[in-house]
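Visitor: Protein chains in written order, with the numbering used here: chain A, 1 to 117; chain B, 1001 to 1538.
Keep in mind that the hints were calculated from the coordinates and are not lab data. Keep in mind that a hint or two might mislead.
Unchecked claim - Each pair of labels, with its calculated beta carbon distance range:
#1 I1041/B <-> V108/A: 38 to 46 angstroms
#2 L1324/B <-> N40/A: 21 to 29 angstroms
#3 A1369/B <-> K59/A: 18 to 26 angstroms
#4 D44/A <-> E1356/B: 21 to 29 angstroms
#5 K1303/B <-> V57/A: 47 to 55 angstroms
#6 V106/A <-> N1248/B: 51 to 59 angstroms
We treat Cβ as the ideally placed atom computed from N, Cα and C, and that holds for glycine.
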Amino acid sequence: MITTKWLQRLGVLCLVLLCFSCYSVKIVSTMGTPNPDPMNDNDDDYRNKRVIILDTVIKAGTTTDAIGLRTQREGCSSGKLHSVEYKNTFGGSLLYLVTFGNKRKVRVKYVCMKTEN
Amino acid sequence: MATTTTFQKSEWDTLHRNGPFRLKMLQITELEGKTNMPSSIDRYNDAAKEIQRLIKEAQDHNHGFRAYGSRWSMSNIAHHSDRMHFNSYMNIDLPILSDEVHSDSSYDPSNLFFFQCGNTIKEISQALGAHGKSLKTTGASNGQTIAGCISTGVHGSALDVGSVQDYVVGLNLIIGPNDDDIVYIERETKPALTDAYAYKIKARVIRDDDTFNAALVSLGSFGFIHGVVIEAEDRFLLKRYVRKIDKNIALKMADTMDFENSGFIIPEETDAHGKPNRPYHYKVFINQYVDDPEYVVEAMYKKAYATPYPDPFTTIEKSVYRDLIYLLINISQKFPKAIPWFIKRLEKTILPEVNEETLGTLYETFWDAPYQGPAFACSFGVDHKDSSKVLKILTDLTINEGPIPGIFAMRFVKQSEATMAFTKFPISCVIEIDGVLWEKSRKLMSLKEFSRRMIQVLQQHNIEFTMHWGKNADWGFPGLVNYMFSDKADAWKAQRNKLLSPEMQKLFSNDFLKTIGLADMDTIIPIPIDDGAVAPIV
């Protein structure tokens, strides 16, 4: 009994961990300067950079193929991309599967280039 | 109009988290858009007006004012507890036409460029690249602003070139809120621009070698550096080699700078007689915790720019989990004896890959350095002839009284003409220990204690040295600046007194300047001048 109960708990824990487990891939331009942000004191790769985070679930129709995202004016006045990081999670993939592609988890971080004067 | 946004920020920190430091307000100036003010000169002058307004505002509130760019310095040199000004958005570059170059100038007009303070090394390199030009040297990376670089003496390892400030040939400073407080300074013996150009930027011209050399490495205290004129050169390529060689040969080259007779031969880099060529750049990496008979060295040779050449950038780049580094540091604080073992394990991440070879421009070779968590660096300038001796003294200290979570490296830089440049020897060996920032524990001394001990042991061995203004040190060590610069420090203060009013000297002083004893105005002796008024003289 105890063994089964503990196994169930372990299974739930593993499922939770799997849903949050993730990896990210970042593409960085070799040209251009990242837009700085003196207010960004985060202890990560984006420290001192103006990073824009899109973390949402996009509802797409079953006939929708690709989803496009555009840079926003706020924080990206140059309109040019310096780096884009896409994060994939098991939970996101699962959501896509169980909703037959109807709901798509999107987690993108991007930094634009500094405006040239 | 250029606009400034003020944030009531209570804390400020360096990029590498060497603070935090107290702050009253952070001000960020953004330039007028090109569509509303198409002329670059107009926008530049408009920005100058805005800076003067901010200086007046700070003065009226009896506040200090300090500009900063990329916050890369690890010391508190860029900090002021009253008002800090972020100037990285001020990144105009102005054209210099051939008829705007001084008639007595020895510079090739096509090599002169004017950049506003907030331009980073990367931005400048790209702007120059568009003209087929290049900077002469940079630091190990490209994120610093030009004003920050010259204020602190940023250097690479270009042994016959110098530091970043050494190719700056003109300075546009804002030294107060009044109309005649915008000045353009250059050397009298090496003029660069015409008076007409200076008038275009509303600046009063000062041609004086001593004033220019003092203002060049200003420690951020000669006013607001608004723009700089730099001398570039034709774009070139650097062929880079990483080798592991006998440490005695590596150290002998450091002590003598005699590469020709060193025995360090790269077959592709020899002259017609088979003798080694003199490199553009030479760097030695030392893991002091390993008794290895060989050191990793990096040598670069200058080549004429020619295309095509292979893409120097690798497509895939991996990084170590930052949390892993934090974990190692936490363990190290409790069990310092583990530090050498950790460093050995991370050697592949810290040191360049042995036998690596690349070819690229200066811009491509000294590229982005990603933020990798809290870091420290202590950096000493010594005569290159003392390189191996100083290395032994400092590594012995680190092993015997540490261990400290960092490793040593040596770079070599030609002498600077700047009064307070720490590259003051004919060729300075800049010997540095870089690593991960740690906290003092029962078994591990603090960074301040470590840096104090380094100063003490060098003084005990009668080593003449300087220290990098932007790196960690026990800056309050008694008599430190006098030991490093003696009468040069007085000359620097005298020039500052001559250029800045007492009110502006106070406004542009900060804790760093006070700590090292350069903020006081004790060399000013007021004497009456002819009309009965009192003028300060030095």
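Visitor: If a hint holds in the structure, say so; if it does not, say that too.
Guide: The hints, checked one at a time:
1. I1041/B <-> V108/A: 38 to 46 angstroms: Between I1041/B and V108/A, where Cβ atoms are some 40 angstroms apart, the hint holds.
2. L1324/B <-> N40/A: 21 to 29 angstroms: holds (23 angstroms)
3. A1369/B <-> K59/A: 18 to 26 angstroms: violated (41 angstroms)
4. D44/A <-> E1356/B: 21 to 29 angstroms: holds (28 angstroms)
5. K1303/B <-> V57/A: 47 to 55 angstroms: 53 angstroms Cβ-Cβ, so the 47 to 55 angstroms window holds.
6. V106/A <-> N1248/B: 51 to 59 angstroms: holds (58 angstroms)
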